[in-house]
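Participant: Residues per chain, in single letters:
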Amino acid sequence: GIQVEQSPPDLILQEGANSTLRCNFSDSVNNLQWFHQNPWGQLINLFYIPSGTKQNGRLSATTVATERYSLLYISSSQTTDSGVYFCAAHQHQGGKLIFGQGTELSVKP
Amino acid sequence: DVKVTQSSRYLVKRTGEKVFLECVQDMDHENMFWYRQDPGLGLRLIYFSYDVKMKEKGDIPEGYSVSREKKERFSLILESASTNQTSMYLCASSSNPGRAYHEQYFGPGTRLTVT
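Residue numbers (the numbering used here), protein chains in the order written: chain A, 1 to 109; chain B, 110 to 224.
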């Protein structure tokens with residue numbers, strides 16, 4: 001099956017800074033999702049992005065499927081952005097969602 | 110908005126007990142999934158279902174069973190709970206037009222402790 005790798009594993013930012021999180025996948029995928037896991041453990045959907053670029057407020061994501069990576073951009077970070085960010089890819093066979101190990105983001109005031 | 114709910118946020122059970130975790134979605138989704146999340150191991154798929162009364166094993170089905178009697182409800186059953194099943198359990202659902210697997214939406218999770 002496919003492998004999904006995220007980088008960096010940890011990131012500490014000062015409030016107001018920008019950041020880029022990366023997700024690499026080892027094979028072609030049907031689709032890709034980005035999630036934010038809040039302090040209570042719930043996975044919040046950020047983007048469903050098989051290719052191209054999407055934006056939602058201060059967050060945007062770009063997936064380049066032919067090069068097997070996706071990027072999540074966070075601009076003007078806020079303390080409420082803290083938490084773990086996961087990317088997950090839908091593999092072609094069976095449609096299973098394969099998660100990366102996550103990037104733990106901490107935004108300091 | 111899609112809403113996926115789980116019966117409990119926190120649950121404490123004793124070793125050997127039979128445990129039921131319930132998940133309900135309100136978007137008429139065909140697919141439903143059960144994952145567990147453990148530190149250092151990430152999210153792992155236990156079972157999933159693409160239709161009523163249908164189920165398929167995920168990566169770690171041992172020690173678990175599932176039931177899908179109605180489209181909106183997917184239950185995870187621990188027949189005889191053990192301490193190594195202490196974990197965060199997450200339910201998800203997605204639509205399934207033409208057997209394609211679309212965006213998954215997750216419930217709030219259940220933190221299960223088995224003592």
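Do not rely on the hints blindly, as some may be mistaken.
[Said to hold, decoys possible] Cross-link-like lysine-lysine pairs, in silico, DSS-like; alpha carbons within 27 Å at most:
{"no.": "1", "chain 1": "B", "residue 1": "K180", "chain 2": "B", "residue 2": "K166"}
{"no.": "2", "chain 1": "B", "residue 1": "K166", "chain 2": "B", "residue 2": "K127"}
{"no.": "3", "chain 1": "B", "residue 1": "K112", "chain 2": "B", "residue 2": "K179"}
{"no.": "4", "chain 1": "A", "residue 1": "K54", "chain 2": "B", "residue 2": "K127"}
{"no.": "5", "chain 1": "B", "residue 1": "K122", "chain 2": "B", "residue 2": "K166"}
{"no.": "6", "chain 1": "B", "residue 1": "K127", "chain 2": "B", "residue 2": "K180"}
{"no.": "7", "chain 1": "B", "residue 1": "K164", "chain 2": "B", "residue 2": "K122"}
{"no.": "8", "chain 1": "B", "residue 1": "K112", "chain 2": "B", "residue 2": "K180"}
{"no.": "9", "chain 1": "B", "residue 1": "K166", "chain 2": "B", "residue 2": "K179"}
{"no.": "10", "chain 1": "B", "residue 1": "K164", "chain 2": "A", "residue 2": "K96"}
{"no.": "11", "chain 1": "B", "residue 1": "K166", "chain 2": "A", "residue 2": "K96"}
{"no.": "12", "chain 1": "B", "residue 1": "K180", "chain 2": "B", "residue 2": "K162"}
{"no.": "13", "chain 1": "B", "residue 1": "K179", "chain 2": "B", "residue 2": "K162"}
{"no.": "14", "chain 1": "B", "residue 1": "K164", "chain 2": "B", "residue 2": "K179"}
{"no.": "15", "chain 1": "A", "residue 1": "K54", "chain 2": "B", "residue 2": "K122"}
{"no.": "16", "chain 1": "A", "residue 1": "K108", "chain 2": "B", "residue 2": "K162"}
{"no.": "17", "chain 1": "B", "residue 1": "K127", "chain 2": "B", "residue 2": "K162"}
{"no.": "18", "chain 1": "A", "residue 1": "K96", "chain 2": "B", "residue 2": "K112"}
{"no.": "19", "chain 1": "B", "residue 1": "K179", "chain 2": "B", "residue 2": "K127"}
{"no.": "20", "chain 1": "B", "residue 1": "K164", "chain 2": "A", "residue 2": "K108"}
{"no.": "21", "chain 1": "B", "residue 1": "K162", "chain 2": "B", "residue 2": "K112"}
[As the list claims (entries may be wrong)] Now the in silico label distances, taken between C-beta atoms and shown as ranges:
{"no.": "22", "chain 1": "B", "residue 1": "R182", "chain 2": "A", "residue 2": "N45", "range": "28 to 36 Å"}
{"no.": "23", "chain 1": "A", "residue 1": "K54", "chain 2": "B", "residue 2": "D135", "range": "24 to 32 Å"}
{"no.": "24", "chain 1": "B", "residue 1": "K180", "chain 2": "A", "residue 2": "N30", "range": "34 to 42 Å"}
{"no.": "25", "chain 1": "A", "residue 1": "S76", "chain 2": "B", "residue 2": "N193", "range": "26 to 34 Å"}
{"no.": "26", "chain 1": "A", "residue 1": "W40", "chain 2": "B", "residue 2": "S204", "range": "47 to 55 Å"}
{"no.": "27", "chain 1": "B", "residue 1": "S191", "chain 2": "A", "residue 2": "S7", "range": "15 to 23 Å"}
{"no.": "28", "chain 1": "B", "residue 1": "D147", "chain 2": "A", "residue 2": "Q78", "range": "42 to 50 Å"}
{"no.": "29", "chain 1": "B", "residue 1": "V161", "chain 2": "A", "residue 2": "T20", "range": "20 to 28 Å"}
{"no.": "30", "chain 1": "A", "residue 1": "T79", "chain 2": "B", "residue 2": "E178", "range": "29 to 37 Å"}
{"no.": "31", "chain 1": "A", "residue 1": "Y73", "chain 2": "B", "residue 2": "F129", "range": "20 to 28 Å"}
{"no.": "32", "chain 1": "A", "residue 1": "Y73", "chain 2": "B", "residue 2": "R220", "range": "41 to 49 Å"}
{"no.": "33", "chain 1": "A", "residue 1": "I2", "chain 2": "B", "residue 2": "S189", "range": "39 to 47 Å"}
{"no.": "34", "chain 1": "B", "residue 1": "K127", "chain 2": "A", "residue 2": "K54", "range": "26 to 34 Å"}
{"no.": "35", "chain 1": "B", "residue 1": "P170", "chain 2": "A", "residue 2": "T80", "range": "30 to 38 Å"}
Treat the hints as calculated values from the structure; they're not laboratory data. Beta carbons are placed, not taken as given, at the ideal position from N, Cα and C, and that holds for glycine.
Participant: Which of the listed hints are not met by the structure?
Facilitator: As far as the earlier hints go, 4, 15, 16, 20, 22, 24, 25, 26, 27, 28, 29, 30, 31, 32, 33, 34 are violated by this structure, in ascending order.
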